[in-house]
Amino acid sequence: MSNASLATPATMPAPPGPLREFWIYFSANHGAVAGLVIIVAVLLTAALAPVLAPHAPDLTNNELFLKPPAWQAGGSWAYPLGTDAIGRDILSRLIYGARLSLLIGIAVVALSIAVGIALGLFAGFARGITEIAIMRLMDIILTLPSLLLAIVIVAILGPGIMNAMLAVAVVVLPHYVRITRAAVISETAKDYVTAARTNGAGVFRLMFKEVLPNCAAPLIVQASLGVSTAILDAAALGFLGLGAQPPASEWGTMLADAREFVLRAWWVVTFPGLMILVTVLAFNLFGDGLRDALDPKLKR
Amino acid sequence: MLRFLLTRLSLVVPTFVGMTLLAFFLIRIVPGDPIETMAGERGIDAARHEALLHEYGLDRPILVQYGIYIGRVLHGDLGKSMITQEPVVREFLTLFPATVELALCAILFALIVGIPAGMIAAVHRNSVFDHGVMGISLTGYSMPIFWWGLLLILLFSVQLGWTPVSGRIAVQYFPEPVTGFLLIDSLLSDEAGSFESAVSHLILPMIVLGTNPLAIIARMTRSAMLEVLGEDYIRTARAKGLSKVRVIALHAFRNALIPVITVIGLQVGVLFTGAILTETIFSWPGVGKWLIEAINRRDYPVLQGGLLLLGVIVMVVNLLVDVAYGIINPRIRYAK
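If you read the protein sequences in the order shown, they are chains A and B. Following numbering that gives the first Met the number 0, the numbering of the first sequence begins with 0 at its first residue and continues without gaps. Following numbering that gives the first Met the number 0, the numbering of the second sequence begins with 0 at its first residue and continues without gaps.
Bound-form chain A, shown alone (with noise of 0.2 Å):
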């Protein structure tokens, strides 16, 4: 007997801290870590928009319209990717469309998962018939197509960047509803919680200091997949010239103005659709590596 095999069970690494933990299982999934860098490379053409753009996004120059990529006859390296219709720079334009995508994608998965928790919270804890007022009137929102509803209310309110916000944000809304509602109903049957309650909690504090922290993983997947379904719900908003209006760069609008186009111009409606997908993509391979991660369901 060697003293080597007897000493090997005290050099046995720590487990893992959860974070760590959480890093080994979603780095695992090259797809969720190509999608983060796509993210964060997004991120940053977005904060570093007036150093990275060669020129300002409004600039128009009537003798440079529809100029053609650099690669092309007829391009130049002054605008690589060529110029919109108005002699605008696209790639100028994509890279400040990328502020306006990321502040929709956020601000709407923020104001729905706010509103979304607060309705899941109250409808978990009330029951009865707060709940099912809560409940039918998400299950009415879901039967409607989601991009109808989204015109409608845009339709009654009134064109413009905030409005699609709020529209989509409403469209996305049950989904947070259902998940903190479920996640909700199933913790308070619990024995911690029950714990908690006969060491006479309150009511608010069950709901954020010890039901709330246990329904986490759920809502940080479906908000990061939220961010996506955002995007490209508001691009198809401003592609119907009801989201941001011209002259914004959001990438949706710049589509609607680049459809008249498509026969002779092909770079005005390439570009801008590209942004969307890679930017929609890398958020839904992102949540999809998120989910695997945090679901211990799937561990194995």
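Hint data in this document are derived by calculation from the structure and do not stem from the laboratory. All C-beta atoms, glycine included, are put in the ideal place defined by N, C-alpha and C. Treat each hint with caution, since some may be false.
What the hints assert, rightly or not - Here are a few chain B residues that sit away from chain A, every Cβ distance over 10 Å (derived from the structure):
(1) Leu5
(2) Thr6
(3) Arg7
(4) Leu8
(5) Gly66
(6) Leu73
(7) Gln84
(8) Pro115
(9) Ile183
(10) Ala191
(11) His250
(12) Ala323
(13) Tyr324
(14) Ile326
(15) Ile327
As the list claims (entries may be wrong) - Quick list of the computed label-pair ranges, beta carbon to beta carbon:
(16) A:Ala200 with B:Leu62: 41 to 49 Å
(17) B:Val12 with A:Pro17: 42 to 50 Å
(18) A:Arg263 with B:Ile67: 47 to 55 Å
(19) B:Thr83 with A:Ala132: 33 to 41 Å
(20) A:Ser75 with B:Val177: 51 to 59 Å
(21) A:Arg135 with B:Asn328: 24 to 32 Å
(22) B:Leu187 with A:Leu43: 57 to 65 Å
Stated by the list, open to error - A partial selection of chain B residues facing chain A, derived with a Cβ cut-off under 7 Å:
(23) Thr14
(24) Leu25
(25) Ile28
(26) Ser141
(27) Pro143
(28) Leu153
(29) Val157
(30) Phe271
(31) Ile275
(32) Ile294
(33) Leu302
(34) Leu309
(35) Gly310
(36) Val313
Based on these hints, arrange chain B on the given structure of chain A.
Chain B in isolation, oriented as in the chain A frame:
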């Protein structure tokens, strides 16, 4: 079974009432009253304004107005378009077949491509094909379809000249409207070339509208197949000497189909949402394009009626899917 049906049906009533409330009050949020909206920028003098308010019942208490509204809705009267003065329901019914034809073809396309792709991906788990299908499907799921439509037009209509850019059929053909589905009507007509024209107009919108459902169906089929393939009865079937193809096609596929059918049912809302964008891009004369035009003209009765009609259709389809699911899977029926 009867009890399950009745419970499920009883849930429809509050949802329907809620939808009418939503449709009714959403329109009331519009600044100004409908008369001013109709009058537009020309304006209207006060006496005429009063008279019109009274004529349309807009001077009565809001609950009475809602009562009148729901009474009319139950009689199938959703008001008239402010622009054309045609009843909203009639306009909707004229245009709806075009949307249904497009949506049906799109979901068929999604099924024909998505189910085999998902099955093969599951059987060859972690193969190059599996990773490819999952990658493409996540891309399809993330696709802004309004851009996807423009790209396809750019490639197939502009560069290659294979398909027309917009519309349902070339202008020289007028098939007799028998079913409202141009694919069938053009087949029934004797005009040479009209069917080909209808097909070539349909193909790009069909792909665009089918992309999101295709991605969802492929992912769902794969995960359902993976679950079923891990079951004991599959191992038993293999162990008793059945061929691999037989086990996959008969034993596994049939059981994997149940969750897939549910997902297909849930695509109705996705299809209507997509139809609004697809019809706008391809100038497809369906209800989606009609609603967008209604917004631009501030035609509120059309918006209100369209929202309610599409909502009710989605609700009914979801109900049918639930009932069908209860018939296929008795566990749902008896669960509380």
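Consistency of the hints with the structure:
{"no.": "1", "hint": "Leu5", "verdict": "18 Å, holds"}
{"no.": "2", "hint": "Thr6", "verdict": "14 Å, holds"}
{"no.": "3", "hint": "Arg7", "verdict": "13 Å, holds"}
{"no.": "4", "hint": "Leu8", "verdict": "15 Å, holds"}
{"no.": "5", "hint": "Gly66", "verdict": "20 Å, holds"}
{"no.": "6", "hint": "Leu73", "verdict": "18 Å, holds"}
{"no.": "7", "hint": "Gln84", "verdict": "20 Å, holds"}
{"no.": "8", "hint": "Pro115", "verdict": "23 Å, holds"}
{"no.": "9", "hint": "Ile183", "verdict": "26 Å, holds"}
{"no.": "10", "hint": "Ala191", "verdict": "29 Å, holds"}
{"no.": "11", "hint": "His250", "verdict": "26 Å, holds"}
{"no.": "12", "hint": "Ala323", "verdict": "17 Å, holds"}
{"no.": "13", "hint": "Tyr324", "verdict": "17 Å, holds"}
{"no.": "14", "hint": "Ile326", "verdict": "22 Å, holds"}
{"no.": "15", "hint": "Ile327", "verdict": "22 Å, holds"}
{"no.": "16", "hint": "A:Ala200 with B:Leu62: 41 to 49 Å", "verdict": "42 Å, holds"}
{"no.": "17", "hint": "B:Val12 with A:Pro17: 42 to 50 Å", "verdict": "47 Å, holds"}
{"no.": "18", "hint": "A:Arg263 with B:Ile67: 47 to 55 Å", "verdict": "52 Å, holds"}
{"no.": "19", "hint": "B:Thr83 with A:Ala132: 33 to 41 Å", "verdict": "38 Å, holds"}
{"no.": "20", "hint": "A:Ser75 with B:Val177: 51 to 59 Å", "verdict": "57 Å, holds"}
{"no.": "21", "hint": "A:Arg135 with B:Asn328: 24 to 32 Å", "verdict": "25 Å, holds"}
{"no.": "22", "hint": "B:Leu187 with A:Leu43: 57 to 65 Å", "verdict": "60 Å, holds"}
{"no.": "23", "hint": "Thr14", "verdict": "6 Å, holds"}
{"no.": "24", "hint": "Leu25", "verdict": "6 Å, holds"}
{"no.": "25", "hint": "Ile28", "verdict": "5 Å, holds"}
{"no.": "26", "hint": "Ser141", "verdict": "4 Å, holds"}
{"no.": "27", "hint": "Pro143", "verdict": "5 Å, holds"}
{"no.": "28", "hint": "Leu153", "verdict": "6 Å, holds"}
{"no.": "29", "hint": "Val157", "verdict": "6 Å, holds"}
{"no.": "30", "hint": "Phe271", "verdict": "4 Å, holds"}
{"no.": "31", "hint": "Ile275", "verdict": "6 Å, holds"}
{"no.": "32", "hint": "Ile294", "verdict": "4 Å, holds"}
{"no.": "33", "hint": "Leu302", "verdict": "6 Å, holds"}
{"no.": "34", "hint": "Leu309", "verdict": "6 Å, holds"}
{"no.": "35", "hint": "Gly310", "verdict": "5 Å, holds"}
{"no.": "36", "hint": "Val313", "verdict": "5 Å, holds"}
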